[in-house]
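Peer 1: One letter stands for each residue in the lines below.
Protein chains: 2
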Amino acid sequence: MSKVGIVAYGITPFTKEDQKIETVLHSSANKLFQKNPSIEKKDIDGVLVSTNNNSKYLAPVLSEMVGIQPKIAHSIESLCNSGTNSLVSAFSYISSGLADMVLVSGAERYDSPGQILEWDNSRGEFKHPIFWASIFSKSYKRKYEITDEQLATVSVKNHKQAQANPNALSKKTYSIQDVINSKKLTDDLRLLDCSRPCTGSASIILASEEITKKNSENPVWISGIGQKTISAGFTKNPSLTSMESTKIAAQSALKMSKHSIEDVDVAEVHDAFTVCEPMALESLGFTSPGKGTSMIDDLHKTNNFKINPRGGLIGTGHPLGATGISQTIEIVQQLQNNAEKRQTDKANVGLIHNMSAASTSSTVLVLEK
Amino acid sequence: MSKVGIVAYGITPFTKEDQKIETVLHSSANKLFQKNPSIEKKDIDGVLVSTNNNSKYLAPVLSEMVGIQPKIAHSIESLCNSGTNSLVSAFSYISSGLADMVLVSGAERYDSPGQILEWDNSRGEFKHPIFWASIFSKSYKRKYEITDEQLATVSVKNHKQAQANPNALSKKTYSIQDVINSKKLTDDLRLLDCSRPCTGSASIILASEEITKKNSENPVWISGIGQKTISAGFTKNPSLTSMESTKIAAQSALKMSKHSIEDVDVAEVHDAFTVCEPMALESLGFTSPGKGTSMIDDLHKTNNFKINPRGGLIGTGHPLGATGISQTIEIVQQLQNNAEKRQTDKANVGLIHNMSAASTSSTVLVLEK
Numbered sequence: 119m120s121k122v123g124i125v126a127y128g129i130t131p132f133t134k135e136d137q138k139i140e141t142v143l144h145s146s147a148n149k150l151f152q153k154n155p156s157i158e159k160k161d162i163d164g165v166l167v168s169t170n171n172n173s174k175y176l177a178p179v180l181s182e183m184v185g186i187q188p189k190i191a192h193s194i195e196s197l198c199n200s201g202t203n204s205l206v207s208a209f210s211y212i213s214s215g216l217a218d219m220v221l222v223s224g225a226e227r228y229d230s231p232g233q234i235l236e237w238d239n240s241r242g243e244f245k246h247p248i249f250w251a252s253i254f255s256k257s258y259k260r261k262y263e264i265t266d267e268q269l270a271t272v273s274v275k276n277h278k279q280a281q282a283n284p285n286a287l288s289k290k291t292y293s294i295q296d297v298i299n300s301k302k303l304t305d306d307l308r309l310l311d312c313s314r315p316c317t318g319s320a321s322i323i324l325a326s327e328e329i330t331k332k333n334s335e336n337p338v339w340i341s342g343i344g345q346k347t348i349s350a351g352f353t354k355n356p357s358l359t360s361m362e363s364t365k366i367a368a369q370s371a372l373k374m375s376k377h378s379i380e381d382v383d384v385a386e387v388h389d390a391f392t393v394c395e396p397m398a399l400e401s402l403g404f405t406s407p408g409k410g411t412s413m414i415d416d417l418h419k420t421n422n423f424k425i426n427p428r429g430g431l432i433g434t435g436h437p438l439g440a441t442g443i444s445q446t447i448e449i450v451q452q453l454q455n456n457a458e459k460r461q462t463d464k465a466n467v468g469l470i471h472n473m474s475a476a477s478t479s480s481t482v483l484v485l486e487k
Numbered sequence: 119m120s121k122v123g124i125v126a127y128g129i130t131p132f133t134k135e136d137q138k139i140e141t142v143l144h145s146s147a148n149k150l151f152q153k154n155p156s157i158e159k160k161d162i163d164g165v166l167v168s169t170n171n172n173s174k175y176l177a178p179v180l181s182e183m184v185g186i187q188p189k190i191a192h193s194i195e196s197l198c199n200s201g202t203n204s205l206v207s208a209f210s211y212i213s214s215g216l217a218d219m220v221l222v223s224g225a226e227r228y229d230s231p232g233q234i235l236e237w238d239n240s241r242g243e244f245k246h247p248i249f250w251a252s253i254f255s256k257s258y259k260r261k262y263e264i265t266d267e268q269l270a271t272v273s274v275k276n277h278k279q280a281q282a283n284p285n286a287l288s289k290k291t292y293s294i295q296d297v298i299n300s301k302k303l304t305d306d307l308r309l310l311d312c313s314r315p316c317t318g319s320a321s322i323i324l325a326s327e328e329i330t331k332k333n334s335e336n337p338v339w340i341s342g343i344g345q346k347t348i349s350a351g352f353t354k355n356p357s358l359t360s361m362e363s364t365k366i367a368a369q370s371a372l373k374m375s376k377h378s379i380e381d382v383d384v385a386e387v388h389d390a391f392t393v394c395e396p397m398a399l400e401s402l403g404f405t406s407p408g409k410g411t412s413m414i415d416d417l418h419k420t421n422n423f424k425i426n427p428r429g430g431l432i433g434t435g436h437p438l439g440a441t442g443i444s445q446t447i448e449i450v451q452q453l454q455n456n457a458e459k460r461q462t463d464k465a466n467v468g469l470i471h472n473m474s475a476a477s478t479s480s481t482v483l484v485l486e487k
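For the record, the sequence lines run as chains A and B. Count along the first sequence from 1, then add 118; that gives the number in the numbering used here. Count along the second sequence from 1, then add 118; that gives the number in the numbering used here.
These are calculated hints, taken from the structure and not from any lab test.
A pair holds if it fits inside one copy or across any two, identical chains being indistinguishable in the list.
Straight-line Cα separation of at most 27 Å, BS3-like style, residue types lysine-lysine; simulated pairs:
id, residue 1, residue 2
1, 159, 354
2, 332, 464
3, 160, 373
4, 121, 373
5, 419, 278
6, 289, 134
7, 160, 354
With the rest of the complex left out, here is chain A (with noise of 0.2 Å):
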């Protein structure tokens, strides 16, 4: 399989503003243009628009909108993990030889229709994914004996790393006491634990391996792919307390990138939910079943933003199309020793986890220099 490179992104603030999805759309693009002058536009073959948002057509619209006449224009949805599979549908394009550049853009309203599992009747008329998330806690809490304080610890210590992140929706600072007082939403949910709907944008654009080396000085390459699809019904899960999708995709992923998990030096993964980020830990293999709190606890202790630096969807919001290219973008800029303030060390090989519908879906993604 030829190699395929990450040459240029762009990421504008998530907010809560009310902006049409085409202004949205652009603003990342747009800025990826701005930041990268070289980049010919004539030289891109693809443009995919990654989002839940019901406008039709929005491939075409970014690509007039930014100038671009591409061969490949067309939009992906896979709920909150569209942004990931884009960009391995872009990476496939590439890799076929029918692309050699290709413009992955993600972008999504407060308002996304991606927010309501309208399809998913397991849970009779309790088609927020906060009942999903509660069902998890609660199983979580129960088998591996883990309080809510420990869990509030994960939003504690994302909304911490969000402060070290511009872009992030959150400009506050928690306590583990502030999210177990913060308003209640079912018998195991407070609004804290739950990642925020937002405006937001994120572009990348991938490449071949001779035009990735011609157009980044620090490039950045795919080296690992992993998906799987368990079902769509939550109740098809075969787990309430891990992530079994999650499993099989990071054991594709780091095969195919020759990697085992200790070899990951940061890792941007799907906190949707506060449980999310322990049961994720310990899907992908960075600690056993029922440490993923002890985990989270330690690094947090030890101020190391080893997991989910720019904040995790707690931190940062969750723009469901844009959400797994901005996790991208986080893992290139901590490849490229460009983090700024939430920069880990000796960052050589990155891990993005990004899921959808209680992990019934999930990919995940290598990346390395």
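Given chain A's structure and the hints, the job is docking chain B onto it.
Peer 2: Okay, now just chain B, sitting in the frame of chain A:
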């Protein structure tokens, strides 16, 4: 680039039925698996859904319905050529080595939101496709001195050919006078000049060379792919009497397949409106500018099914996300000498032309035995 073949297909009648999108989507995938019991669902690496429907997470939903746990699962949208965009994406997943076998299912309801070009302000409030088609019709008739009767022949021919297609929406034939006398929608368009939105679904499985040879006695290969997006908005179209994106896509697809247009024995072209068929034939290179209606008239008089054997979009109906896939199935049936009353002579090389939004985007595929 490694070879990618078509190993199975399933299609159901196009109707005006009011069914849930999940039911529509499942119908053709289910038909495919019923017809091909030897295909092992566990070997399917990807499920791509082509649709303009606003429902989310349809690829995992379809996967669960048919019993697949794929690596790759997402929806693809690019208005009326979503179907061929999905096939090209599946091709790239296989050709890159990320997948060996991919199910592509397209589905739409009669009330698809892709039928109104909400984003395109080029014609003011006149956002229905009949308005661009009306401008194309007036321009084409004026430039080449073509009569309404000559354009009506497209509708007469395609409705006639649709009578040999058991899945077609139209169950009637019409005379030129019937077309001229049908309800006037604009100065230049009558009701029978237009394809009709409908409820329909079509599924195809693409596979690597090895799997294609193992699974199909009579394999068909995708040997040429060409795609181009010129713009999103109608007014950026460089011509009102030809399809510029189609010209570029056709040249790329023919070059990749190492064929010239003279080698093409049978073709599906995107006759969303009568004027589109002669314009497409000219832009694809089948005939010279202004000669499309003469070619169509000759085919019609000699009962030659070479162009749009299944009845085109006008005779078969136009369920947006399913159209490109159903066009491709027709060419597969033709090349496999399996098209019954629609069968054309010596069909060795076939072509599919699928476009979006006044041909601002086009896809051209070349298929061969």
